[in-house]
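Taken in sequence, the protein lines are chains A and B.
Heads up, this note's numbering is the position in the first sequence plus 5, with the first residue counted as 1.
Heads up, this note's numbering is the position in the second sequence plus 462, with the first residue counted as 1.
Please note: incorrect hints may appear among the correct ones.
[As the list claims (entries may be wrong)] Which residues of chain B face chain A? A few of them, derived with a C-beta cut under 10 Å, are: (1) D703; (2) A710; (3) L713; (4) H723; (5) R728; (6) V901; (7) R904.
[To be verified] Using 25 Å as the maximum straight-line C-alpha spacing, the simulated SDA-like pairs for lysine to any residue come out as follows: (8) A:K106 - B:R717; (9) A:K106 - B:V725; (10) B:K882 - B:A984; (11) A:K106 - B:D703; (12) A:K106 - B:G719; (13) A:K106 - B:P727; (14) B:K528 - B:E983; (15) A:K10 - A:H195; (16) A:K10 - A:S212.
[Said to hold, decoys possible] Some, not all, of what chain B presents toward chain A, calculated at C-beta under 10 Å: (17) I706; (18) Q709; (19) R711; (20) V712; (21) G714; (22) R717; (23) A730; (24) I795; (25) I798.
Hints are computed from structural coordinates only; laboratory data are not their basis.
Beta carbons are placed, not taken as given, at the ideal position from N, Cα and C, and that holds for glycine.
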Amino acid sequence: MLAVKDARVSFGDVAALDGVDLQVESGEIVAVLGPSGCGKSTLLRAVAGLQPLDAGEIRWDGEDLAAQPVHRRDFGLMFQEHALFAHRDVSANVAFGLRMKRLDAEARDRRVEEVLDLVGLAGYRRRAITTLSGGEAQRVALARSLAPEPRLLMLDEPLGSLDRPRREQLTAELRTLLRRVGVTALHVSHDHDEAFAVADRVALMQSGRIVRIGAPAEVWRDPRLAATARFLGHTNIVSVGGRGEVPWGRLSVAAGRAVIRSDAFTRLADSEPSSAPAPGSGWSTGSGSEMGMEIGSESSAAASGSADLVTATVSDVRFRGDRFELHLRTEPGAFQLVAMDAQPARVGQRLSYRLDPDRIARLAD
Amino acid sequence: MTLGPTAGWRSCFAEARPEAESQPGHRQAAGSVIAAPPQDAASGPPPASAQDAAEPADASRPAAVKQLASKLAAAVLRRWQVVPAAAAVVFMGLFFVWPVGAVIHRGLGGGLGGGGGGAAGVGGLGEVLGSASHRSVIWFTLWQAAASTALTVLVALPAAGALARLRFRGRRLVRAAATVPFMLPTVVVAAAFEGVFNRLGLAGDGGLSLRHTVWAILLAHVFFNYAVVLRIVGAHWASLDARIEDQARVLGASRLGVFRHVVLPRLAPSLAAASVIVFLFSFTSFGVVLILGGPTRATIETEIYRYAIRRLDFSVAASLAIVQLAAVLALVIVSILMERRRAAVEQPRSGAPAPRGGGPALAVNLAVMAVILGLPLALLVERSLLAGGGGYTLRHYSAMAQQVSLLPDTALAALLNSVKFAVPAATLAVVVGAAAVVVVLRSAARTGRSAAGLLDVTLTLPLGTSAVTVGLGLLLVLDRPPIDIRTAVIVVPIAHAVVGIPFVVRALAPTLRSVSPRLREAAAVLGASPLRVRREVDLPAAARGAAVGAGFAFAVSLGEFGATSFIPRRPETLTAPLALFRLLGTPGDALRGQAMALAVSLMVLTAAVVFLMDLWGDARSGVI
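Chain A extracted, bound-state conformation:
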């Protein structure tokens, strides 16, 4: 089990790690997710021992790793650009860690065969590194990391250098493979789709701190912080006006900000509004760049039963394959919301939506 406690690293004035706490259970895959420059790579380097900590500690099964040099930690680390040894062939790359462990040639050979098989590159042993495609190089890098059976496998944007279709395919493969091997893994990514697909738990990192950790679905449903929500791809972040309470799911407490998922919108049957919004619930412009939403008191909303209705004009339509991304301008208030809708719409059309309260989450900040 990996335990990082209050890890701190700074480069000059910039705190790359600003008190990071993180635990990875044995056999668990944890993805650290964050924008570039948030310190996630530094975290990996620190765990690997490539970056000394200014403060805090890193333990493996209770043992402090501070005094343990990089090459004795028995961890694996896979870089974004693979960092393959170009002067050696595939087999020598994969065998490198085994040689360092002083495995005899025969056992080494067997293991190389085995791991290459595992990543689907049987028969690639004699290939020169320079002849590999991006996806193949990625698999060789993975095989090399897995070969010495590391206690912990760290993956630094392992799929970052691949194009999108290949990345999606390999994301799925990676998940299956890591499961099959049963390795404890710490995965760093800036791509939430990739992190969600691979990890058991996701840790969201921001300016050197882990701000949210949990199962992918839970983190997505309830991002808690506006910045987190934005990073995960949520666009509808609204401020709830100070007056009264909101009758929507978790929002039913007090004023604050909330995120409305783009799949929270259900279009009402007719394109023109069937009924006007309840008199008590109006929209008004919030201060600053954030949108403000002022919603009537619970009693009036409950009375009308239509507080979760939104009427809006379509300002933009983008085709997204199985869905349409509709940019809506709300009727009263003129807020921009983005809804995913199965049906198309034309710009200027007026639409009514019912919002699913379960897909609206209150934000803590």
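With chain A fixed as given, assemble chain B onto it according to the hints.
Only chain B this time, still in chain A's reference frame:
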């Protein structure tokens, strides 16, 4: 229409990228001395035609006039390019090809006034190779060069790594300072090491005497060539992706294991390039061996000098020069073949976290560097200030203005002579060198051949040809008016220029080659005439290279000893290195102080030039 420029720029970028990628970082530095990279096979068409094509059909009257003017300018430009080209050819032909050709002719047994029936043969050469004493000289030259190379690489490699991998304040300054010894006059280095041995008690008859041993030569060669390894290997090392080393560490390799398994194999190309250069310099080393080796340690170079100047036996000297030339040629060919095997491309990600915790390693490396490079020079300065009975004095410096019977003129006059010669020598070297670069790049563009290859063949040989051979050649051919080596003072700057030209070319070629032909095309399409393209695109790029080359040529001229030592001695041609050599050659301590003072003066002068040039020119100069 709106898409046009964007698409154009993008495709330009897309096509320019592979070019940039095919050029590993070290090549800028490492490839340049021995074998430049074949990166510029696609030098653009002459700008003139691009301009013609870009001319609009419906040109109005002023446009037509402009067009005419630009065509005229292009024609003039084409004509005028012939002049420097011709000048370069004539100069090199007259002062390099002819003399060296004469040496070869003489060495093969020709030119003896019908002694051998007039026919050139291998008589002289065979005689030289047949003699056991000559063979032992050749053998010693080879192995001391190999040992010097191995020792230099061993000593300088850790520092190259530290300078490449660790970020610290003053890194550039350290690198510039470490380069100074490389450019110091050989005679000054020899003087400095004499000083070291004296000071540390290694010169006496006691048990541990380094004086006149091979160790003295090897140490001086390490001192000399340290910067070659530091810069060439260092530049390559810095271009290597550090994360590959991290990866090896994570996979269980110790620091030493990482170096052995992952760093060293990848450094091989630059290590080879640096080794070839160090070997070449050690192989053709003259002043250092002549002074530090004493009477017993002779290399091919010193033997050529001994036979030509002391024994007046030009045939044996010329035969030895042929052996020298052949060895250098073989080495150059091998290195070019080696360079063909291209290193894998690595692109280190910028903005990777700076490595830390290298403090102790850095301190150790800087300390070693200070001892190796700083101590000899510090002791040299100290000895120039040492009074006879202890204490310090400036007496030796003031004595430089006084005539001593040993020299045809005062030491100060010699120093002034050196500066006086360095100016025309550097000018000549830059003019001829620049013309040569332009000619080679152009003809390469026209014939579609690799300019790098052409440059190598035509311009590496002068670098490989030792100054002593050049001096011997000049002595053989310039024996009658208008240029008689015995009377014409101009021979000195000419000889210095010939020795300095390869340095100019090495500094200039990379900067000119680095100008993408697309840049010229872009300028032409934007409306720049061919002349204007040269002025706006090529000249700014060339200016810095030319300045760096001029600095090198100046420094080379200041310290030139090999070729100059063949020029008959007269007060007007007495240069500082010659004077220093004479002063060092006298037994006893009477003139030691003055010799040291002269050495320090020469060192300060050279160091100032090199230092300024290095800080200004940065690593873009391809000389080392």
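Structure-based check of each hint:
1. D703: Holds - the Cβ of B:D703 comes within 10 Å of chain A, reaching about 7 Å at its closest.
2. A710: Given a least distance of 7 Å, the restraint on B:A710 holds.
3. L713: Holds. Min distance 4 Å.
4. H723: 7 Å, holds
5. R728: 6 Å, holds
6. V901: 36 Å, violated
7. R904: Violated: closest Cβ of chain A sits about 34 Å from B:R904, beyond 10 Å.
8. A:K106 - B:R717: It holds: about 14 Å lies between the C-alpha atoms, which stays within 25 Å.
9. A:K106 - B:V725: Roughly 19 Å between the alpha carbons, so the hint for A:K106 and B:V725 holds.
10. B:K882 - B:A984: Not satisfied, since the Cα-Cα distance of roughly 43 Å exceeds 25 Å.
11. A:K106 - B:D703: Distance ~24 Å between A:K106 and B:D703 Cα, so the pair holds.
12. A:K106 - B:G719: Given pair A:K106, B:G719 holds - Cα atoms ~12 Å apart, limit 25 Å.
13. A:K106 - B:P727: 20 Å, holds
14. B:K528 - B:E983: 19 Å, holds
15. A:K10 - A:H195: OK: A:K10 and A:H195 at ~23 Å, within 25 Å.
16. A:K10 - A:S212: Since the Cα atoms of A:K10 and A:S212 sit roughly 17 Å apart, the hinted pair holds (cutoff 25 Å).
17. I706: At about 5 Å, which falls below the 10 Å cut-off, the nearest Cβ of chain A leaves the hint on B:I706 intact, so it holds.
18. Q709: 4 Å, holds
19. R711: Holds - the Cβ of B:R711 comes within 10 Å of chain A, reaching about 4 Å at its closest.
20. V712: 4 Å, holds
21. G714: 3 Å, holds
22. R717: 8 Å, holds
23. A730: At about 8 Å, which falls below the 10 Å cut-off, the nearest Cβ of chain A leaves the hint on B:A730 intact, so it holds.
24. I795: 25 Å, violated
25. I798: Since the shortest Cβ distance to chain A is 21 Å, the answer is violated.
In the structure shown, a violation is registered for the earlier hints numbered 6, 7, 10, 24, 25, in ascending order.
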